[in-house]
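Using the hints provided, position chain B relative to the given structure of chain A.
Single-letter residue listing:
There are 2 protein chains.
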Amino acid sequence: MKVQVVENVLRANDELAAINRADFERAGVFVVDLIGAPGSGKTALIEATLKAMPGVRIGVIAGDLATQRDADRMAKFTNHVVQINTGKTCHLEASHVRQAMSGLALGAIDLLFIENVGNLICPVGFDLGQHCKVGVFNACGGDDKAAKHPYIVRESSAIVLTQIDLLPHVNFRQQVFMDDVKALNGSAPVFPLSPTTGDGLEAWLKWLESAGLGARQARGRQM
Amino acid sequence: MKVQVVENVLRANDELAAINRADFERAGVFVVDLIGAPGSGKTALIEATLKAMPGVRIGVIAGDLATQRDADRMAKFTNHVVQINTGKTCHLEASHVRQAMSGLALGAIDLLFIENVGNLICPVGFDLGQHCKVGVFNACGGDDKAAKHPYIVRESSAIVLTQIDLLPHVNFRQQVFMDDVKALNGSAPVFPLSPTTGDGLEAWLKWLESAGLGARQARGRQM
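Line by line, the protein sequences are chains A and B. The first sequence lines up with residues 899 to 1121 when you count with the working numbering. The second sequence lines up with residues 899 to 1121 when you count with the working numbering.
Bear in mind the hints are in silico, worked out from the structure with no lab data behind them. Please note that the accuracy of each hint is not assured.
Which copy is meant is left open, so a pair is good if it fits within one copy or across any two.
[Said to hold, decoys possible] With a straight-line cut-off of 30 Å between C-alpha atoms, the simulated DSSO-like cross-links for lysine-lysine are: (1) 974 with 949; (2) 986 with 1080; (3) 1080 with 974; (4) 986 with 1104; (5) 986 with 974.
Chain A on its own, in the form it takes in the complex (with noise of 0.2 Å):
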């Protein structure tokens, strides 16, 4: 009985995921789910992607247990941001999604990041309708994060390696964490880089702007 109750949550969430992609694709809203930890530094990345791209029109779904700090936080670069608070629920699910998506003007925005609840485990199960998965990890997290979070790992289009400015600091030896990665999704491109210092910023910038741009163009449509 268990086994059929959350097959039958699952497949409630993966419809109105589906309906809530339909709406992004119908706008022209490319999306990015990110995923990490606590303190990976999800939101230092969105403040830093909302500033260094001032032509694109990004909105930010930012989620978390309690407070709207991440809201406030972005809020000073977009008018774009609704914060969802899940109580004890540990990773958003498609109807978190779906709420949130009625105080967004979709039309006016072309990017879209949902900052998922830091938690490297739950969130990767649950579709919200996004284009792309996003792994983030920190350097202060150790090198070893990769290799015992396979499952994000091999669904992220690409993994971002936050705090490389710290590296001096701390003991994490980025060629393991680069082979694990590997090893386990072959075609996600790394991004280390440091949103404090901006260093491999640019990188990751170009790959979101080929992403979104490859999605468009798989639909039909122009940039």
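Coordinates of chain B only, in the frame set by chain A:
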């Protein structure tokens, strides 16, 4: 029907947790459930504690989705280590601990750390048979993480803040973090420390000793 199933699962977990706890008490083992995000420094904290308390017989149950890297690290300092790989399960349950207990000689252990799966959310709701929960946060994770994770803060008997050696390199306002903890849980002491340098470790060790002693006295035994 969903609620019913979830209630059944939680009741079964709580019953097994009570059996675990009774076995721990019979053997005189003080059990601490360490809960923190991936990369918050749980393993480093246990390593430093093992090194600093050579006279105390310490065991470890290490939970991860995949790999036995944590067990390998801690096996350098104690023979009493069991790694549990949970696959896609985002937290330890009493049944995981029960299974691990079959690989531990409880009579040869005074203090048992259960290093939960790296996740600040899901592990909070599952009783494992521990005597107390300790929430682990890290300076590189940002000063907002206590406020964003109220449930683990409220449930913790103590809070550890790791990576204080990195405070000069990150934007972490310690007072904001301390105030957020205090607002959520006025009785849990906070231990800022660095497993790398050893700073602050002594207060944590003293608390462990007194909490373990208190637990033993409460059940009428000698230390």
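Hint numbers not upheld by this structure, sorted from lowest to highest: Number 4 - this is the single hint that the structure violates.
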